[in-house]
Amino acid sequence: MASRASDPSQSPRLDSKVPSGRLQEKWDIYKNAVSLVSPANKRSHHILIVGSGLAGASAAATLAGLGYNVTCFCIQDSPRRAHSIAAQGGINAAKNYPNDGDTVWRLFYDTIKGGDYRSREANVYRLAQVSNNIIDQAVAQGVPFAREYGGVLSNRSFGGAQVSRTFYARGQTGQQLLLGAYQALSHQIAAGRVKMLPRREMVDLVVANGRACGVITRNLLTGELERYAGDAVLLCTGGYGNAYYLSTNAKNSNVTAAWRCHKRGAFFANPCYTQIHPTCIPVSGDYQSKLTLMSESLRNDGRVWVPKDPEDKRAPELIPEDARDYYLERRYPSFGNLVPRDVASRASKKECDEGRGVGETRLAVYLDFRHSIERLGEQTIRERYGNLFEMYQRITGDDPYHTPMRIYPAVHYTMGGLWVDYELQSTIPGLFVLGEANFSDHGANRLGASALMQGLADGYFVIPYTLGAYVAGLGSSDPIPLDDDSFDATEQEASDRIDRILKNKGDKSPTEFHRELGHLLWDHVGMSRTSSGLQSSLEAIHRLEDEFWERVCVPGSANRYNKNLEFAGRVADFIELGALMARDALRREESCGGHFREEYQTPEGEAARNDEDYADVAAWEYNGRDPKLHLEQLTFENVHPSQRSYK
Amino acid sequence: MIIHLRIWRQEDRTSKGRLVDYTVNEASEHMSFLELLDVLNEQLLQSGDEPVEFDSDCREGICGSCGLMVAGIAHGPQKRTAVCQLHMRSFNDGDTITVEPFRAKAFPIIRDLVVDRSAFDRIIEAHGYVSVTTGSAPDANAIPIPKETVDDAMDYAACIGCGACVAACPNGSASLFTAAKISHLGLLPQGQVEASQRVISMVDQMDAEGFGDCSNYAECEAVCPKGISIQGIARMRRAYMKGVLSA
Amino acid sequence: MKMMSALMSPVGRKVLTGVTGIGLVAFVIAHMIGNLTYLSPDPTAYNAYAYKLMSLGWIFYTIEILLALCFILHAVVGITIQVRRRQARPIGYKNYTSAGSPSLQGYSARSMIFTGIILLVFLVLHLISFKYGPGEAEGYIATLSTGEEVRDLRRLMTEKFHEPLYAFGYPIIMILLGMHMRHGVWSALQSLGVMSRRLSPLVYTLAAILGILVAIGFLFVPLYIYFW
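Residue numbers (this note's numbering), protein chains in the order written: chain A, 1 to 647; chain B, 1 to 247; chain C, 1 to 228.
Don't take each hint at face value.
To be verified - The list that follows gives simulated cross-link-like pairs (lysine to aspartate or glutamate, EDC-like), each with its CA atoms no further than 20 Å apart:
{"#": "1", "chain 1": "B", "residue 1": "LYS105", "chain 2": "B", "residue 2": "ASP12"}
{"#": "2", "chain 1": "A", "residue 1": "LYS508", "chain 2": "B", "residue 2": "ASP49"}
{"#": "3", "chain 1": "A", "residue 1": "LYS350", "chain 2": "A", "residue 2": "GLU598"}
{"#": "4", "chain 1": "B", "residue 1": "LYS79", "chain 2": "A", "residue 2": "ASP399"}
{"#": "5", "chain 1": "A", "residue 1": "LYS503", "chain 2": "B", "residue 2": "ASP12"}
{"#": "6", "chain 1": "A", "residue 1": "LYS508", "chain 2": "B", "residue 2": "GLU50"}
{"#": "7", "chain 1": "C", "residue 1": "LYS94", "chain 2": "B", "residue 2": "GLU11"}
{"#": "8", "chain 1": "B", "residue 1": "LYS147", "chain 2": "A", "residue 2": "GLU148"}
{"#": "9", "chain 1": "A", "residue 1": "LYS503", "chain 2": "A", "residue 2": "GLU224"}
{"#": "10", "chain 1": "B", "residue 1": "LYS147", "chain 2": "A", "residue 2": "GLU383"}
{"#": "11", "chain 1": "A", "residue 1": "LYS503", "chain 2": "B", "residue 2": "ASP116"}
{"#": "12", "chain 1": "C", "residue 1": "LYS2", "chain 2": "B", "residue 2": "GLU50"}
{"#": "13", "chain 1": "A", "residue 1": "LYS42", "chain 2": "A", "residue 2": "GLU25"}
{"#": "14", "chain 1": "A", "residue 1": "LYS350", "chain 2": "A", "residue 2": "GLU390"}
{"#": "15", "chain 1": "A", "residue 1": "LYS505", "chain 2": "B", "residue 2": "ASP116"}
{"#": "16", "chain 1": "A", "residue 1": "LYS42", "chain 2": "A", "residue 2": "GLU311"}
{"#": "17", "chain 1": "A", "residue 1": "LYS350", "chain 2": "A", "residue 2": "ASP399"}
{"#": "18", "chain 1": "B", "residue 1": "LYS16", "chain 2": "B", "residue 2": "GLU50"}
{"#": "19", "chain 1": "A", "residue 1": "LYS350", "chain 2": "A", "residue 2": "GLU311"}
{"#": "20", "chain 1": "A", "residue 1": "LYS308", "chain 2": "A", "residue 2": "ASP353"}
{"#": "21", "chain 1": "C", "residue 1": "LYS94", "chain 2": "B", "residue 2": "ASP21"}
{"#": "22", "chain 1": "C", "residue 1": "LYS94", "chain 2": "B", "residue 2": "ASP204"}
{"#": "23", "chain 1": "A", "residue 1": "LYS647", "chain 2": "A", "residue 2": "GLU606"}
{"#": "24", "chain 1": "A", "residue 1": "LYS113", "chain 2": "A", "residue 2": "GLU606"}
{"#": "25", "chain 1": "C", "residue 1": "LYS2", "chain 2": "B", "residue 2": "GLU194"}
{"#": "26", "chain 1": "A", "residue 1": "LYS505", "chain 2": "B", "residue 2": "ASP21"}
{"#": "27", "chain 1": "A", "residue 1": "LYS647", "chain 2": "A", "residue 2": "ASP325"}
{"#": "28", "chain 1": "A", "residue 1": "LYS505", "chain 2": "B", "residue 2": "GLU42"}
{"#": "29", "chain 1": "B", "residue 1": "LYS79", "chain 2": "A", "residue 2": "GLU390"}
{"#": "30", "chain 1": "A", "residue 1": "LYS350", "chain 2": "A", "residue 2": "GLU329"}
{"#": "31", "chain 1": "C", "residue 1": "LYS94", "chain 2": "B", "residue 2": "GLU42"}
{"#": "32", "chain 1": "B", "residue 1": "LYS105", "chain 2": "B", "residue 2": "ASP204"}
{"#": "33", "chain 1": "A", "residue 1": "LYS195", "chain 2": "B", "residue 2": "ASP116"}
Said to hold, decoys possible - Covered, in the sense of this in silico footprint (three residues per stretch, anywhere, with C-beta under 8 Å from a C-beta of chain B), are these stretches of chain C:
{"#": "34", "stretch": "84-93"}
{"#": "35", "stretch": "153-159"}
{"#": "36", "stretch": "193-201"}
Rather than coming from a laboratory, the hints here were simulated on the basis of the structure.
Idealized CB from N, CA, C, for every residue including glycine.
Isolated chain A, as found in the complex:
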């Protein structure tokens, strides 16, 4: 593999700042060398943290605990409602409590392999290293992880891992970890070290002298634009899955803060890497506002099938065995229903595209528990999946004990995000990006139970060191004053953008545009992509952008609570991002992880990676409709990329 220094395609703007030394020692080497900030000085440094999910809340609590002066913003009415709360499955750590052979190395290896060799070795290794501290921290905060009868923590195997390394709190692990971080944050708020500002949307980043030095937020209650200055800005605003309109993301999850930073000079890396989860409740109609995820564990006992004859309109329970196609078991005899997320998702799309989909919309496949119920008894199935079956019945009205579930894939997580170096610093000095908002650790595909791990690793254990390095370099210089020209200009731009939306006397709601964008992205930048589809969608997205500014209609005014105004601003950013996603997918002429290009597949129809030409990170610099590409070459000195096979 080419080394970074000698490769001409390596952008000089993308210095990953990975410390030299053995992989296992890099983080220690970094920590040993990093400059420290004295306690007295920390107090005089003001840190702005945008977002209060796992990454934001953990960073805010930790930095305030260290003595920094922190202001934290969140879009919801309370920091406790950030979307991290919805994560169900669990959190990985290399504790090896079950003594089944797990090590930091194995967690690192599984994560980098699961990411299809499109992430940075040093970052992933550090993630695996600090994973254990996260569990200790969470338990000390009172997170009620599941336990064995002997009183020790319980682990389960998740997402096809060969070891049991996943810690969990029922199906509410994200909720419990977030509440742990939220409570730690509340402690610091009470101590006066964090100023918490809920119902604020970051609408722009203030950059002066080439450094991030403040933010403009909109107070969602009063509509007022507010200015905040700080020595550094931490962006912890999550992923951009809602670009697809329908996803498992919360309604308020959006890309606006990240996108505005992108427009101010932060490079956006690998936007085409999106994860599509195979077991979600299918869309039932146009009114649908979001998709609901059903735990992956259902595939342990459920069998996926479609009728062999697309015209077979019988109720599923009346279709005899010989008229059913258990297509996953047929195509992947050794893994069967347990193939990885991306493989399972693409397979259901293929069945539906070929007309064998079921249900009213024909965009669903059956997940059948009949055989498991016959084999294990209804009681066992109820114990394992009772709450999921209940949720399914609540939403669809069908009883999965008697009729097969209908499932379909849905957008779930985005691996791409703002480019960051080893210190989690973006291409704008002073702007740090944590959690799902950055691109760093999951490569082209995220493994189950790794998102919570990354968000908390960044916030609790990485940023306290790397931010210190930056702040120490600042010396004792004061933040830019709020009446500086940079604040005036940035606020003016934000206010003009809002005026432009409100003054537009159009006839289409922001939601209609969002829905159209979602269709375009889902059809062409979704589970499987083609050159021609991407090309046409790119043009269509540009047309949609033009139409948006001609026809969007938002009633009400700017100076009060106005949800549609908020949505309109976010949809405008999603449209611009959508174009970048298509462009990135078009450029990556290979298939890897969540990015599947139909032109690049093995004869068996599996993803074909091209390590020769695409073992890189594509980081895009904003330049209107003609973004500029920068590459960071990925080097693998410790693992050897191999092809995945689930036959």
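Go by the hints and put chains B and C onto chain A.
Frame of chain A; chains B and C shown alone:
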């Protein structure tokens, strides 16, 4: 299906509100209640009217953002379900449904159906946490905890902070919310160190926020989307008395 | 001082209501059993019981003072809770209904303040009629089997309950008392934090039975007197 709605509209915190009648002609039994409101809002936008504002985020019953009085019940008639997961099949074609905001002095109305629940955050800030700084934690398995204890703690930790308990309580009490956090942390050894301080401080804050007293109606438990038991309230009172007596 | 502020806290208020409530329940049960001595075949039993109580001397007065305190505190805190309830929700719902089980918001729970106030008014009238009613000076004298001359409460009771207002008014009030106790007994124990997951449903049922028994016990004597 056709659904008639009577929705509380209120300009802002201080103005006087009123119920306004609307009809959605194209409702579907597969819609969630919030999706019905989405459809109504699209309808209102088309006709140039201002949409009905309401809070919602995850729409899968875990973030606690949503909360409406639907047909007189917090989160509507379906048990253990947040209003975002309440589906229209719970209603009949032609029904008239009244929709009001969660009402309490401590939850002032911001606009229409949106209320300010920051009082809950302030209750948590009043020691609803374990004081542990990052990095100082012992190994996670250093203190074994009986499985039953953790399961019990988890039942209380499941609280989503939606405020339905307050909204449904005839007295407007926040006892279930406060007790859930006190019970969650108080059951675990990690939380027991500060148990007395915590319960006194949180109960005082609850009082200062202007919530009413608990009269043991158990209405809160009936509307709680997570089914949190009022046994937690009994537990909070024990912990409080213990805290006062040992102080 | 700390204790005082603790007692005035939301938990303290409930503990006070619970403790005083339990004291009052004990009194009510004792009073009911005492009343039932009216039905004894020995016609002097009732007056003898009343006399024995009075002759307890300082113990009797201590109990009386404690009971008075219980009544006052119970009423004051109960009314405070009601006032705070109004303050906690200044604008009520246009449409409100109970979600049903496991809610315990039945008629008895919802009417605590009304039954409570009626019982308070009743208590005053009851004391005027009986405790401070006609005594030995007015010729209500009975002779016990021991030969002692005591106040003839039995006669007073017999006369009063021959009046329809008393004979039918009392039983109605006693039904309200039963209702008040139906929620109150359970609620007091919940307020004192003695409930556990297993205990709670049992206690809730026992509270209902106790409420019914007390109501029946009390209304039996007036109706007996009136009809027989």
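Check the hint pairing LYS79 (chain B) with GLU390 (chain A) against an upper bound of 20 Å on the C-alpha distance. OK: LYS79 (chain B) and GLU390 (chain A) at ~12 Å, within 20 Å.
Is LYS42 (chain A) within 20 Å of GLU311 (chain A), Cα to Cα? Status violated; Cα separation ~69 Å.
Decide if the proposed pair is consistent with the structure: LYS147 (chain B) and GLU383 (chain A), CA atoms, cutoff 20 Å inclusive. holds (17 Å)
Can the restraint linking LYS350 (chain A) and GLU598 (chain A) be considered satisfied, given a maximum Cα separation of 20 Å? Given pair LYS350 (chain A), GLU598 (chain A) holds - Cα atoms ~12 Å apart, limit 20 Å.
Is LYS350 (chain A) within 20 Å of GLU390 (chain A), Cα to Cα? Measuring from Cα to Cα gives roughly 29 Å; hence the hint is violated.
Hey, LYS350 (chain A) versus GLU329 (chain A), does the alpha-carbon distance stay inside 20 Å? Holds, at about 15 Å.
Between LYS2 (chain C) and GLU194 (chain B), is the straight-line Cα distance small enough, at 20 Å or below? It holds: about 19 Å lies between the C-alpha atoms, which stays within 20 Å.
Is the hinted pair LYS508 (chain A) and ASP49 (chain B) satisfied, with a Cα-Cα distance of at most 20 Å? holds (13 Å)
Count the residues of the stretch 153-159 of chain C with a beta-carbon closer than 8 Å to any beta-carbon of chain B: does the count reach three? violated (count 0)
Starting from LYS505 (chain A), check that the Cα of ASP21 (chain B) is at most 20 Å away, please. Violated, because 27 Å separates the two Cα atoms, which is more than 20 Å.
Taking only the CA atoms, is the gap from LYS94 (chain C) to ASP204 (chain B) under or equal to 20 Å? violated (31 Å)
Pairwise hint evaluation, ASP399 (chain A) against LYS350 (chain A), where the allowed Cα distance is 20 Å at most: Distance ~26 Å between LYS350 (chain A) and ASP399 (chain A) Cα, so the pair is violated.
Violated hints for the displayed structure, listed by number in ascending order: 5, 11, 12, 13, 14, 15, 16, 17, 22, 26, 31 and 35.
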